[in-house]
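Top line first, the protein sequences correspond to chains A and B. The opening residue of the first sequence carries number 1 in our numbering; numbering runs sequentially from there. The opening residue of the second sequence carries number 1 in our numbering; numbering runs sequentially from there.
Wrong hints could be hidden among the right ones.
Below, a list of computed lysine-lysine pairs in the BS3-like style, where the Cα atoms sit at most 25 Å apart [stated by the list, open to error]:
| id | chain 1 | residue 1 | chain 2 | residue 2 |
| --- | --- | --- | --- | --- |
| 1 | A | K110 | A | K72 |
| 2 | A | K117 | A | K72 |
| 3 | A | K149 | A | K44 |
| 4 | A | K22 | A | K149 |
| 5 | A | K72 | B | K7 |
| 6 | A | K72 | B | K24 |
| 7 | B | K24 | A | K117 |
| 8 | A | K117 | B | K205 |
Because the hints were derived from the structure by calculation, they are not lab data.
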Amino acid sequence: MKQTFAGRIREAARALGEFTAKDLGERMGVKTYTEENKIRLWLKDFLKRGEMRRVAPGRYVYAGQDRGTEEKRQRMWRVLRARRAVTAADLQELAGASAEYAWEWLRALKRQGLVAKTGRTWRLLHDPVEMPTMRDNAEKIRRLRAAHKALADELARIEQALAQSRRALESLSKEAL
Amino acid sequence: MGQLQLKPVFVHNHNVRNFQDLMKGLMRLAGEGRMACIWGRAGRGKTRTVQWWHSQNESVYLRMRADWKHSRAAFARALARELGFLTPPWSTSQCLDAVITKLTDEPIPVFIDEPERLGRETLETIRDLTDLTGAPFVLLGEEELYDWMARERRVWSRTAEQMEFLPWSPTDVIVYAGEAAGLRLCPEAAEIFHRSADGDIRIIKRDLGTAVRILNANGAKPDGLTPDIARSAVKAGMKGRDRRPK
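So here's chain A without its partners, still in its complex pose:
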């Protein structure tokens, strides 16, 4: 199975222990400036969610994935199985999830064909007993990835334009000389 970019970063970070963004790039075999930039963007994201910690300026350690989300999903899954039909408000009240996350999770279950929505209520259609693994990532992460990709593409375009301008400037200076 093809590993995601974040997965490759995690693997490299775990292997390195303490690292810089450049170390990560070298370990991952990154060749282009765009990919290096992508690592920096992901680093920011990892720091924000506490998966990595800054130990010195520019130096980081891998702290491990947050189990909080997993636990929250487990709580929501128990409430859904116990009640068989829930609203997002039930999940907020009984599982302590935010409204946004409860909706996201229920929509992900709907994509897997486990629940169906009638009005405000989500009904469990098929009970696999064990909590289903999220085959597709949460919408927030997908939105974040899309934003990262758009930014990386934009940076690559700027980089290309800069290179072109540099070349044009060089040829102009040569002509002038």
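Fit chain B to the supplied structure of chain A, relying on the hints for placement.
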């Protein structure tokens, strides 16, 4: 001024605290077969409190179905499924064997909601299960559950804890209004909601929802819920008691 809104919150009132104490007490008796009896009128938050606890703790929650009344097999299969057996054995005794093995390995609490819907033989099965596995079985139902369990001496002697879910007090109404909508409710208004609903949580929430809508229509203020608005909300909402002329 923004619009007021009733947010879904779980209020830790005296019932919830008593329930938590009951569960702690049950867990202290680990290894012994024991049961607990939780009873109270509908609308006092029994099921919601148990589901809230169940969401945070490894446990089994099973709501009885009326059609299981004469089928011990259906109960056994449902319990086995809740314990993780995707395709429980068809034979009742094999199914119960699987349940016993699983609960002996991992004696997690089992909540049985509305067990009065089942026959006496299922109660005997529950007694066997708790004796053989050491897992606590918590039975929750309406007022008749207490008598239903107390009638069976062998069941009652194994009932280590019992608790009644009491109606919401005016203080609970004040706390709920504050936590859910940021409302500062005066004791008089809280008393109106409490008295009209007879302590029934669903009706209190419904009436408070109506009061919030009235407040929003009149320029919402967190301390603007006067006894008059409370009275109007109660009048507009569905009543907890039958008010038809006799």
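Inset, instruction - Given the hint that A/K117 pairs with A/K72, test it: the Cα-Cα distance must not exceed 25 Å. - result: holds (21 Å)
Inset, instruction - Take the C-alpha atoms of A/K72 and B/K7, compute the straight-line distance between them, and say whether it is at most 25 Å. - result: holds (19 Å)
Inset, instruction - Quickly compare the C-alpha distance for A/K149 and A/K44 to 25 Å and report which way the hint goes. - result: It holds: about 15 Å lies between the C-alpha atoms, which stays within 25 Å.
Inset, instruction - Take a quick look at whether A/K72 and B/K24 sit within 25 Å of each other, Cα to Cα. - result: holds (23 Å)
Inset, instruction - Verify the proposed pairing of A/K22 with A/K149, using a straight-line Cα cut of 25 Å. - result: holds (20 Å)
Legend entry - Given pair status - A/K117, B/K24, alpha carbons within 25 Å: violated (37 Å)
Inset, instruction - Would you check the hint for A/K110 and A/K72, treating anything up to 25 Å between C-alpha atoms as holding? - result: holds (18 Å)
Legend entry - Given pair status - B/K205, A/K117, alpha carbons within 25 Å: holds (24 Å)
In summary, the one numbered hint that this structure violates is 7.
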